[in-house]
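Trainee: Which chain is which? The protein sequence lines are A and B, in order. For reference, each letter of the first sequence is one residue, going 1 to 204 in full-length UniProt numbering. For reference, each letter of the second sequence is one residue, going 1 to 204 in full-length UniProt numbering.
Bear in mind the hints are in silico, worked out from the structure with no lab data behind them. Worth double-checking, as some hints may not be accurate.
Since the list gives no way to pick one copy over another, a pair counts as held whenever it fits inside one copy or between any two copies.
DMTMM-like mimics (lysine to aspartate or glutamate), calculated; alpha carbons at most 25 Å apart, straight line [what the hints assert, rightly or not]:
#	residue 1	residue 2
1	Lys129	Glu31
2	Lys154	Asp193
3	Lys129	Asp106
4	Lys129	Asp185
5	Lys82	Glu141
6	Lys154	Asp189
7	Lys107	Glu161
8	Lys82	Asp99
9	Lys107	Asp95
10	Lys129	Asp187
11	Lys154	Asp187
12	Lys107	Glu87
13	Lys154	Asp99
14	Lys107	Asp27
15	Lys48	Glu65
16	Lys107	Glu78
Being a predicted model, the structure only gives us computed values, none of them experimental.
Below, each chain spelled out in residue letters.
There are 2 protein chains.
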Amino acid sequence: MPHRTSITDETPTARPSPETRRQQILDAACERVRQSGFHGASMAEIAKAAGLSVGQIYRYFENKEAIIAAIVAQDLAEMRDKFAELERQPGTLRDSIDDHLPEAIDKCFDERRAALALEVVAEAARNPKVAAIVRSADAQERALARAMMERDRKPEWSEAEFHARCEVVGLLFDGLLLRGVNHPDLDRDALTDVLRSTVRHLLS
Amino acid sequence: MPHRTSITDETPTARPSPETRRQQILDAACERVRQSGFHGASMAEIAKAAGLSVGQIYRYFENKEAIIAAIVAQDLAEMRDKFAELERQPGTLRDSIDDHLPEAIDKCFDERRAALALEVVAEAARNPKVAAIVRSADAQERALARAMMERDRKPEWSEAEFHARCEVVGLLFDGLLLRGVNHPDLDRDALTDVLRSTVRHLLS
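Same shape as in the complex, but just chain A (with noise of 0.2 Å):
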């Protein structure tokens, strides 16, 4: 997740919109997490990095869950725009992801996204309120995945086998985000091309 907006961008004088502010919370948050992990990240400490008093945190979040709540909402709409995308090119999707597979594959070893990412699904693996959070998104994102994927769907797959074709096509990128930190400096141009068959393979 990019620095989208930073305080040093204001005029002394402006007042930030509550659009900057929010955004200007989660980024710092998003720093924090990564840094420190989920524990390292208290409202206090948030609002310290943010450059805000306490009370102005709050005034925006009413928890720590929330701000992870936005986090994880940030990415699906990243996510809804890139599926957007590869739903507007002609032809198939196996034939699109041919294009994207590169980036998509860089982003997962993007070792800040990565960071704060594994931070909150090992969060979510101990802490129910956050597990809900990343299960609501999942489902959010099996739906879109599942949408984009249906014009390569085959009459003769059943609705429980196009759906685990779909799941297993997302748990390749879930993967990639461990391969990153197991195993940073791997032939990437290899595990592409590996990538694209596999996805071929599943898509066909």
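Please build the complex by placing chain B on the supplied structure of chain A, with the hints as guidance.
Mentor: Just chain B now, with coordinates in the frame of chain A:
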């Protein structure tokens, strides 16, 4: 990782062996990391959970990273046993995997196991000492996996392609860890069928 030993198994006068003590500390550390994450598992808290003094813990492990290294090594040893079992089976690996896949998938969906594994990789994404531990273990795991997959190797695959195919087989299991948190109630039978066909594709 199951509790292999327990202090209650000892008679009151028996002095636990160093191996028993060591395992007791590792089990307590796994439990602390699962419940509270890496930052919630200080040496003091691990000692408390193990029913030992902090001084006793330091007699076995120099620091928290040494405990994590031992936990990761324990996992690697378990995998080595599993791979050895698969290697003893006749025929191609893709045939042997067919039988073992449901069990391997269930393991990835085991909440306690996933919580620990994801916490360790999330910590590795921000802590260079933990990153070095998991990367070294991952390199050993890849070498074991490649040795196992050697008999399915096709002469037309380059070295790079063979490595990438092995990498993607491993990546499927990495991805399953995240699926278990993000979508625990998915149709596991349908998923197993699609994963089976995907592994066959990768090894054929």
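Trainee: Could you run down the list of hints and mark each one as holding or not?
Mentor: Against the structure, the hints come out as follows:
With identical chains, the CA atoms of Lys129 and Glu31 are at most 25 Å apart both within one copy (21 Å) and between copies (20 Å). Proximity of Lys154 to Asp193 under the C-alpha cut-off of 25 Å is found in both arrangements, the shortest distances being 24 Å within a copy and 16 Å between copies. Taking the shortest Cα distances, Lys129 and Asp106 sit within 25 Å of each other only across copies (24 Å), while inside one copy they are farther apart (30 Å). Taking the shortest alpha-carbon separations for Lys129 and Asp185, only the inter-copy value of 17 Å comes in at or below 25 Å, while the best intra-copy value is 35 Å.
In this assembly of identical chains, Lys82 and Glu141 lie within 25 Å of each other by CA distance solely inside one copy; the values are 12 Å within and 34 Å between copies. Taking the closest pair of Cα atoms, Lys154 and Asp189 come within 25 Å of each other only across two copies (19 Å); inside a single copy the shortest separation is 29 Å, beyond that limit. In this assembly of identical chains, Lys107 and Glu161 lie within 25 Å of each other by CA distance solely across copies; the values are 22 Å between and 28 Å within a copy. With identical chains, the CA atoms of Lys82 and Asp99 are at most 25 Å apart within one copy only, with a shortest distance of 13 Å there and 38 Å across copies.
Proximity of Lys107 to Asp95 under the C-alpha cut-off of 25 Å is restricted to the intra-copy arrangement: shortest distance 20 Å within a copy versus 34 Å between copies. In this homomeric assembly, Lys129 and Asp187 come within 25 Å of each other (Cα to Cα) only across copies, at 23 Å, whereas the closest approach inside a single copy is 38 Å. For the identical chains of this complex, Lys154 and Asp187 are inter-copy neighbours only, at 19 Å across copies versus 33 Å inside a copy, given an alpha-carbon limit of 25 Å. Only within a single protomer do Lys107 and Glu87 lie at most 25 Å apart by alpha-carbon distance; the minimum there is 20 Å, versus 35 Å between protomers.
Proximity of Lys154 and Asp99 under a CA criterion of 25 Å is satisfied intra-copy only: 22 Å inside one chain copy versus 27 Å between copies. Taking the closest pair of Cα atoms, Lys107 and Asp27 come within 25 Å of each other only inside a single copy of the chain (18 Å); across copies the shortest separation is 35 Å, beyond that limit. For the homomeric pair Lys48 and Glu65, the shortest alpha-carbon distance inside one copy (18 Å) is at most 25 Å, but the shortest distance between copies (29 Å) is not. In the homo-oligomer, the alpha carbons of Lys107 and Glu78 lie at most 25 Å apart inside one protomer (12 Å), although the nearest pairing across protomers, at 32 Å, exceeds that limit.
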